[in-house]
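Enquirer: So the chains spell out like this:
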Amino acid sequence: MDLSIAKPREITPSLLYLDGVSVSFDGFRALNNLSLDISPGEMRAIIGPNGAGKTTMMDVVTGKTRPDSGTVLFDKGIDLTTKDEAAIAQLGIGRKFQKPTVFDNHSVEDNILLSLKGDRSVRGNLAWARNLGDAERIGEILKTIGLSEERQRLAGALSHGQKQWLEIGMLIAQDPKLLLVDEPVAGMTDAETMTTAELLKDIAKDHTVIVVEHDMEFVRRLGVKVTVLHEGAVLAEGSIDEVSANARVVEVYLGR
Amino acid sequence: MITRRLLEAPDGGGRIFLGVLVGLAVLVPVLNLALPPSSPLHVPTSTVALWGKYLCYALLALSLDLVWGYCGILSLGHGAFFALGGYAMGMYLMRQIGTRGVYAHPVLPDFMVFLNWPELPFYWWGFNWFPYALLMVFLVPGTLAFVFGWFAFRSRVTGVYLSIITQALTYALMLGFFRNNFGFGGNNGLTDFKDILGFNVQSAPTRATLFALSALALAASYLIAQAVVRSKAGKILVAVRDEESRTRFLGYRVENYKTFVFTLSAAMAALAGALYVPQVGIINPSEFAPANSIEVVIWVAVGGRGTLIGAALGALIVNYAKTTFTTGLLAPYWLFALGGLFVLVTIFLPKGILGLMRKGSPSAASAPDTPPSRLDDARKVPTRAAAGRGREFAKDALAPVRPGAATRIQPAE
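So the sequences go chain by chain: L and G.
Just so you know, we're using my numbering here: the first sequence kicks off at 1 and counts up by one.
Just so you know, we're using my numbering here: the second sequence kicks off at 1001 and counts up by one.
Straight line, CA to CA, 25 Å or less: simulated SDA-like cross-link-like pairs of lysine to any residue:
id: 1; chain 1: L; residue 1: Lys64; chain 2: G; residue 2: Arg1154
id: 2; chain 1: L; residue 1: Lys99; chain 2: G; residue 2: Glu1244
id: 3; chain 1: L; residue 1: Lys64; chain 2: G; residue 2: Asn1256
id: 4; chain 1: L; residue 1: Lys83; chain 2: G; residue 2: Val1157
id: 5; chain 1: L; residue 1: Lys177; chain 2: L; residue 2: Ser35
id: 6; chain 1: G; residue 1: Lys1359; chain 2: L; residue 2: Glu150
id: 7; chain 1: G; residue 1: Lys1359; chain 2: L; residue 2: Arg151
id: 8; chain 1: G; residue 1: Lys1359; chain 2: L; residue 2: Ala157
id: 9; chain 1: L; residue 1: Lys64; chain 2: G; residue 2: Phe1151
id: 10; chain 1: L; residue 1: Lys83; chain 2: G; residue 2: Ser1245
id: 11; chain 1: L; residue 1: Lys64; chain 2: G; residue 2: Ser1155
id: 12; chain 1: L; residue 1: Lys117; chain 2: G; residue 2: Asn1256
id: 13; chain 1: L; residue 1: Lys99; chain 2: G; residue 2: Arg1156
Derived from the structure by calculation, the hints contain no laboratory data.
Model the full structure from these sequences, guided by the hints.
Expert: Take a look at the structure:
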């Protein structure tokens, strides 16, 4: 697993580069010297049993949690460990939460509107006026995520699966360089899971995507490189068939 | 463009509300001044003064609804901004007394002469000049709100904790203003006003004018508040209220939005205070009392949180009831009535009185910009906390909406 020995900052070709990242909560090591390297345009699946550090890894990348030690670099060497959530989001990292998190009291349309890439300042948004460009962009995104019919409905009235898609739509609207997608198919029916896999593959055509997922079938369907986390560090990396055949991965997943 | 934005948005209810306010501003002074007291349509000056005071309360409630209803900031210290605005106006009115005070000192207000102050403290300079006093009405509370908000919101103090420190803020100010050496008249405050801009504050025409100005100030503040709420920034405020961290991950600086709306709201509360003081003729430190600020929360909850108009209506209704109940036989039971009202509204009318009215009207469904009541969220709070989002458990201070919690501050869990 020595992908990342002493890469100089400036010439790192990766979009996201984690090296030796450790995080502890009350003595529990959620991340233990984690190293990870995502290339621009790549789609990567991250799997691992509960407590493997998947969500903590996302928290570190998005600025919610500060690492105790280690390097986190994004897009030509920007140090993410010194920035907060809003700054990181503005740099171009979007995040979908494990539990679908949308604005229940806003319409589907407004959920996308608030996510659209653009001015984030108070002044700019006080002066904002409805315009055709935004409306068209919202229309395109709703078409992509299959919610055109629900445009005016309150997001709180959507089904669980629709909320998941809406949140993916909000990610697309942000047009980030890197998308972090946490368990996008949790609680979905098989049909919804298949649709979501197609949706993510579609998004991955012009974005860099990291998907965290438990569902092995879903990961297999994505057909991308897989990183297995265990106890806060990388256990194995490779295609889904390779990691499935790895004795240690089997041990971790099936218990000893 | 700003003007267009201010005027384009009012919906049906908003237009009626504005129409009524402008109508009152014109009609009441006419009925008070032009008709003889014998006429059945004559409005007595005492009624004008009383309802002028209620209108100031309505503006205070509107300002609280802007931060609480739309951004989830439950300020239990909004009375502080109201009182500071009132003190700024009171200082102007004190300087207008001149030699007509008991001690007939040309510069020093009576209480300073009484305390043997040799000269006017520097922070009283300029208050004899109305435009300066008016500037201070907005500047002092606005700056306080900005600085307070800047620190509190940057440190991500939310929910019950924020409510508690707003209480502490108004309590600390009350203790300060009670002190004689603070220079604002100690526990007597500022009173015995004579003139405002050369007009006798007691006279009927002045009272009628102040009434009209209060109605117009409420109308103007409503226009501003609803323009903010309807803008994209207003949608972001609601997003912050409902899902603060999600809003952050979209790249919005939540603290900037909160500081903005908190400061704007404080300025409105201050304007209400400044209009209130010449109408009631006194400002003293009891206006800073934490209980006053909590009462404002009740007005808003009764009228309908997150509706602006409802907040104003709630203030008018509760205060009218208060005046009725606190005179005569029912006087000892007012606090029970107020507490009971709060409990009943919270349980049976989660959207307040306005929610009830809207339910009855056919256009009820077509108000997409009006956020629904937050009681549903209040019910969700424990589950969410249990689901491991513990630190933000208070979900923007819905907890104090529970009966009793507002007066007995306690953790929401």
